[in-house]
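Novice: Numbering follows the UniProt record's numbering, with no gaps: position 173 of the sequence shown is 173.
Watch out, some of these pointers could steer you wrong.
Simulated restraints, written as ranges between beta carbons of each label pair [stated by the list, open to error]:
1. G302 - T7: 43 to 51 Å
2. E288 - N134: 25 to 33 Å
3. A331 - L306: 15 to 23 Å
4. G142 - L242: 31 to 39 Å
5. G191 - Q17: 31 to 39 Å
6. S299 - L242: 35 to 43 Å
7. D10 - L50: 21 to 29 Å
8. P22 - D289: 26 to 34 Å
9. P378 - A13: 51 to 59 Å
10. L242 - T103: 15 to 23 Å
11. G191 - T103: 27 to 35 Å
12. L112 - P370: 44 to 52 Å
Hint data in this document are derived by calculation from the structure and do not stem from the laboratory. For each residue, glycine too, the CB sits at the ideal point set by N, CA and C.
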Amino acid sequence: MNREFLTIVDLEAQLDQHLQRPRVTNLAAVREAAIAWSQAVWSASGSAGLPTLTTSEIERGFAIARRPVFVLGSHRSGTTMVRDLLDHHPALSVLPAEGTMLTNFAWHLKRLEPDSWLPFLGCEWLRRLANPINQQPYWLLGRSSPEGSAYVEFARAVRAWWPLVRTQFGPRTTSWPLVAIALAYAHCTRGFGAGSALQRWVEKTPANERFLERLMAEFPEARMLHVVRHPFAVYASSCKSLRDSGLPSSEESRFLRQMRLSYREAASRSVQPASDSYLLVRYEDLLEDTASGVQRIASFLGIEPLPILTLPTANGIPTPSNSSFDSNKVAGKLNRRPADVEFNLLTARERERLSAMLADDAGKLGYPLPPPPALRRPLLQIWIHLGWVVDRFRTRWMRLRSAHQRP
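Produce the complete structure using the sequences and hints provided.
Specialist: Okay, structure coming up:
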């Protein structure tokens, strides 16, 4: 019986005690326990050595690596729901947590020595596989035992694929570390053997539309799924997430600016000819006729429109409701709550701020918003922009503080 695995099992049990059901509230306690557990797993993976990768597995992995699917859109627009619907299709390997390579990790990696990148991302992704979004389902690779751990096997796969991907993709692809993680996850959950049906890997990161041109240039065979939703519903859900997480209301300006960038990109592409690499997905349309919606997505991705595409899962485990306001969540089922319920949660001031920022672009996407008076609209936009500048400075200061405190 391996002593390292006994330690992992013990630390895993301690972490699981902090993973409250259905949703985590004590984030500090979870993070402390998760760091201890992930570091133990990473250490055990180093002792176990690298898995053997055959030439055919490497060639197959690299072919899939060149064909990602990026699910993007404003926060709270339905990107998680789209990712979860794609999750268990045999032709797709879907990362069950946000990639955040360009929106978050790139910033952290610049401040680390290159030799520290692998353990940093390896431990981070171990924690994401145990607790992807601070709510059930947890432990997406199952639970460890004294005889073995799927998380150690994942970490071994990350160690094995990392230098190969760095050599193959690193010189021309800024997202190569995420590619290494994606191949390691696919290696552990699907495999690259001769009988594998894998065609693409999938990751979702809200706000990645800011880097759309870069992603298309680095991955010419990529497919982009840009999810949009009625701005009132997006904003109502965003404000609720602020309250639930205890974040300051000043972040509302950041939400509004991100929404504006996302809807502007979507509106611009909505009037362009149909593209083989970009598909606009309206959240409401997908809920209203899920079968037709997923068939359209499947056709775009070149995969079979199987019934599994209508069931939201994470690594095959049913996921909670797609609505932040659903008090009777049923895992594995879509919530088709009427949108006007969320609209009514917004104040007149909030609706006016949304209209000032989004009226033109939202209208092109089928979401008509009454614009504020001509003279008032630019004043509201300036005020919102100033709020975003203040929040940006605050965020950078918190990142720097966090970087200094990181173990």
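Novice: Taking the hints in turn, state whether each one holds.
Specialist: Here is what the structure says about each hint:
no.: 1; hint: G302 - T7: 43 to 51 Å; in the structure: 45 Å, holds
no.: 2; hint: E288 - N134: 25 to 33 Å; in the structure: 29 Å, holds
no.: 3; hint: A331 - L306: 15 to 23 Å; in the structure: 20 Å, holds
no.: 4; hint: G142 - L242: 31 to 39 Å; in the structure: 33 Å, holds
no.: 5; hint: G191 - Q17: 31 to 39 Å; in the structure: 33 Å, holds
no.: 6; hint: S299 - L242: 35 to 43 Å; in the structure: 37 Å, holds
no.: 7; hint: D10 - L50: 21 to 29 Å; in the structure: 26 Å, holds
no.: 8; hint: P22 - D289: 26 to 34 Å; in the structure: 29 Å, holds
no.: 9; hint: P378 - A13: 51 to 59 Å; in the structure: 57 Å, holds
no.: 10; hint: L242 - T103: 15 to 23 Å; in the structure: 18 Å, holds
no.: 11; hint: G191 - T103: 27 to 35 Å; in the structure: 30 Å, holds
no.: 12; hint: L112 - P370: 44 to 52 Å; in the structure: 48 Å, holds
In this structure, every one of the numbered hints holds.
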